[in-house]
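When the letters of the sequence shown are read in order and numbered with the numbering used here, they come out as residues 153 to 367.
Don't read these hints as lab results, they were simulated from the structure. Just to be clear, a hint being listed does not mean it is correct.
[Said to hold, decoys possible] FRET-style restraints, in silico, Cβ to Cβ:
#: 1; residue 1: G320; residue 2: Q296; range: 20 to 28 Å
#: 2; residue 1: R304; residue 2: R188; range: 37 to 45 Å
#: 3; residue 1: L231; residue 2: G331; range: 36 to 44 Å
#: 4; residue 1: Q300; residue 2: K184; range: 39 to 47 Å
#: 5; residue 1: W299; residue 2: G320; range: 14 to 22 Å
#: 6; residue 1: R345; residue 2: R185; range: 40 to 48 Å
#: 7; residue 1: N254; residue 2: W299; range: 18 to 26 Å
#: 8; residue 1: G320; residue 2: D187; range: 36 to 44 Å
[Said to hold, decoys possible] Result set (DMTMM-like, lysine to aspartate or glutamate): computed pairs, CA atoms no more than 25 Å apart in a straight line:
#: 9; residue 1: K310; residue 2: E217
#: 10; residue 1: K199; residue 2: D328
#: 11; residue 1: K173; residue 2: D187
Keep in mind that this is a model prediction, so the values were computed, not measured. Think of the CB as a built atom: it goes at the ideal place given N, C-alpha and C, for glycine as much as any other residue.
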Amino acid sequence: MLKLIQRDRTADSADGDRIEKQEELDLIDRAKRGDRGAGRRLVDLHKQRLHTFIWRIVRDTDMAEEVCQETFLRAFRALASFKREYRFSTWLFTIGYRLALNQMRARSHRKDVVADLSNAPAVREQQTPQERVLQSEQATQLRQIIWQEVDRLNPVQKASLLMFYREGLSCKDIADSLGMPVATVKSHMHRARQRLRVRLERLGVDDQDLMYLGA
């Protein structure tokens, strides 16, 4: 079975580093005291995931870059208000999500861009080169279809799925980030899954390939 969207339950950053929560809190404390090196380290740890998250919502490269930069600026200006029980990434997603929605309201146009196909599935070593090429092509086609359909969801549904499946956030963390009750988040996710299931089945995507979306 191809798992085209996988939940990231680790604390791995985009550049391959692993940071524990206490180390992250230490960096935040140093940044609060004006340590620019600690601030740059926090940016380096989170910039790629934040940019990808925002880009998935706005679907515009320039807008995503602008929102990402503004998100970090606002986060560091308000660093004193950061709640230590949350991960820094969750706080960034909260700020970035709201800024992205504001930008989308201000700029109604959006570009058609190619879906992010960077997370290729693992293949078995015993496969022949021909089998690997075929599986890679099939995975690419399926992933492209799935992300095209995800892009048809409304911003709240899309953000909920991205936070849950790509960032590994719990429904409670998503609710805190989006400023809504947990039950509302679960309702949005349920409707999004059902909508995706119907659309993808019409396109011939097997139910087994939808299992990554959850029950």
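Consistency of the hints with the structure:
1. In this structure the hint that G320 and Q296 lie 20 to 28 Å apart at CB holds, the actual value being about 23 Å.
2. Checking the proposed 37 to 45 Å range against R304 and R188 shows it holds: the Cβ atoms sit about 42 Å from each other.
3. At about 20 Å, the beta-carbon gap between L231 and G331 misses the expected band of 36 to 44 Å.
4. Distance hint check: the CB atoms of Q300 and K184 are about 42 Å apart, consistent with the given range 39 to 47 Å.
5. Judged by the Cβ atoms, the range 14 to 22 Å given for W299 and G320 holds: they are separated by roughly 18 Å.
6. R345 and R185 have their C-beta atoms about 44 Å apart, which keeps the hinted 40 to 48 Å range intact.
7. Separated by about 24 Å at the C-beta atoms, N254 and W299 satisfy the suggested range of 18 to 26 Å.
8. At about 28 Å, the CB distance of G320 to D187 disagrees with the hint of 36 to 44 Å.
9. A hinted pair counts as satisfied when its Cα atoms are at most 25 Å apart, and K310 with E217 qualifies at roughly 19 Å.
10. At roughly 21 Å between alpha-carbon atoms, K199 and D328 fall within 25 Å of each other, so this suggested pair holds.
11. Taken as a hint, the K173 and D187 pair is honoured in the structure, with Cα atoms around 18 Å apart against an allowance of 25 Å.
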